[in-house]
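Please model the entire structure based on the sequences and the hints provided.
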Amino acid sequence: MESSLMAETKHLQHSITSGHVWVVVNETSHVPAFWAHPQYGGPFPGIVLLHDDWGMGAHMRARVHRFAEIGYYVIAPDLFEGQRANSQLEADALEIYFKDLALPKVTAALQALETHRKCNRKMAVIGWDLGAELALQVALQRRDIMAAVAFYGDPTSFFGQLSQLNCPVMVINGAEDELTHRTEAQLRAELAADNKPHQVLTYPGAPHGFFNDMTPTYVPEAAEDAWFNVLAFLETYQGKPPAPDMNGQNFWSGRVY
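Residue numbering for the sequence shown follows this note's numbering, beginning at 1 and increasing consecutively.
One thing to keep in mind: the hints can contain errors.
[Claimed, not checked] Computed list of lysine to aspartate or glutamate pairs in DMTMM-like fashion (alpha-carbon distance at most 25 angstroms, straight line):
no.	residue 1	residue 2
1	Lys118	Glu235
2	Lys240	Asp177
3	Lys99	Asp144
4	Lys196	Glu221
5	Lys196	Glu184
6	Lys99	Glu184
7	Lys240	Glu114
8	Lys99	Asp194
9	Lys196	Asp225
10	Lys118	Asp144
11	Lys118	Glu178
12	Lys240	Glu69
13	Lys196	Asp154
14	Lys240	Asp225
15	Lys99	Asp177
16	Lys99	Glu81
17	Lys99	Glu224
18	Lys240	Asp144
19	Lys240	Glu224
20	Lys118	Asp177
21	Lys196	Asp213
Rather than coming from a laboratory, the hints here were simulated on the basis of the structure. In this text, all values refer to a predicted model and were calculated from it rather than measured experimentally.
Put into structure tokens, the structure is as follows:
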């Protein structure tokens, strides 16, 4: 079965521009990032994507491209500043080292999008694992976020605070994920108690990391369904992204754009 990231959508695809950029964090530091956006039209809703504890890789860049093709301005800060894990031990070490340094980088990425003339300031944040925890943290701390999506993150540190969420939240887990399985009942209870807009999706037979089509943990059916659910969630709270704008552009007869 094809990758969830390559699954057909109901959206016309935009021609996009993408590349590596530097985002200013403060007067003395910058964070590398990968971003993509439609070439024409706009303004567009913005998404900050936050990678897992293995670091920025090809799969994250593919996610950036896919969201941009649908009509989002997207940026993914490299929270580990170019470092990538090759083992779970290395991934754990990178997370420990960079976790407390990550939030200012996320804030800088959000600022870069919000101040861009082609972004409509309707912002969302989506994260995986470590990135999921950061997405929840952002949803708790900021009032300018319209939606947050957390893929298989550990919510333990946020228990007792979820009533303070500032935006709708979607949590996506695999039923075979030991990390999230033991906390999901409490997560559901706390989200339901406050009656704030939320969705918790748990996919039978799916382990931790099931959305990544470049790893052995990939589960195509679950990943594809999660992909479409995320798109629907974003449309509900950010609005539908603009369709490709073909007016005023120079096109050649016989070519496909």
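So, going through the hints one by one against the coordinates:
1. Lys118 x Glu235: Answer holds: Lys118 to Glu235 is near 18 angstroms, not above 25 angstroms.
2. Lys240 x Asp177: The hint is violated at about 32 angstroms.
3. Lys99 x Asp144: 22 angstroms, holds
4. Lys196 x Glu221: Cα-Cα ~29 angstroms, so violated.
5. Lys196 x Glu184: 17 angstroms, holds
6. Lys99 x Glu184: Holds - the C-alpha atoms of Glu184 and Lys99 are around 23 angstroms apart, at most 25 angstroms.
7. Lys240 x Glu114: Holds. Lys240 to Glu114 sits at ~18 angstroms (cutoff 25 angstroms).
8. Lys99 x Asp194: 28 angstroms, violated
9. Lys196 x Asp225: Holds, at about 23 angstroms.
10. Lys118 x Asp144: Answer holds: Lys118 to Asp144 is near 17 angstroms, not above 25 angstroms.
11. Lys118 x Glu178: Distance ~41 angstroms between Lys118 and Glu178 Cα, so the pair is violated.
12. Lys240 x Glu69: 13 angstroms, holds
13. Lys196 x Asp154: Roughly 20 angstroms between the alpha carbons, so the hint for Lys196 and Asp154 holds.
14. Lys240 x Asp225: Roughly 19 angstroms between the alpha carbons, so the hint for Lys240 and Asp225 holds.
15. Lys99 x Asp177: Holds. Lys99 to Asp177 sits at ~22 angstroms (cutoff 25 angstroms).
16. Lys99 x Glu81: The hint holds at about 12 angstroms.
17. Lys99 x Glu224: Distance ~29 angstroms between Lys99 and Glu224 Cα, so the pair is violated.
18. Lys240 x Asp144: Between Lys240 and Asp144 the Cα gap is close to 18 angstroms, so the pair holds against 25 angstroms.
19. Lys240 x Glu224: Holds: Lys240 and Glu224 sit about 19 angstroms apart, inside 25 angstroms.
20. Lys118 x Asp177: Violated: Lys118 and Asp177 sit about 39 angstroms apart, past 25 angstroms.
21. Lys196 x Asp213: Roughly 32 angstroms separates the two Cα atoms, so the pair is violated.
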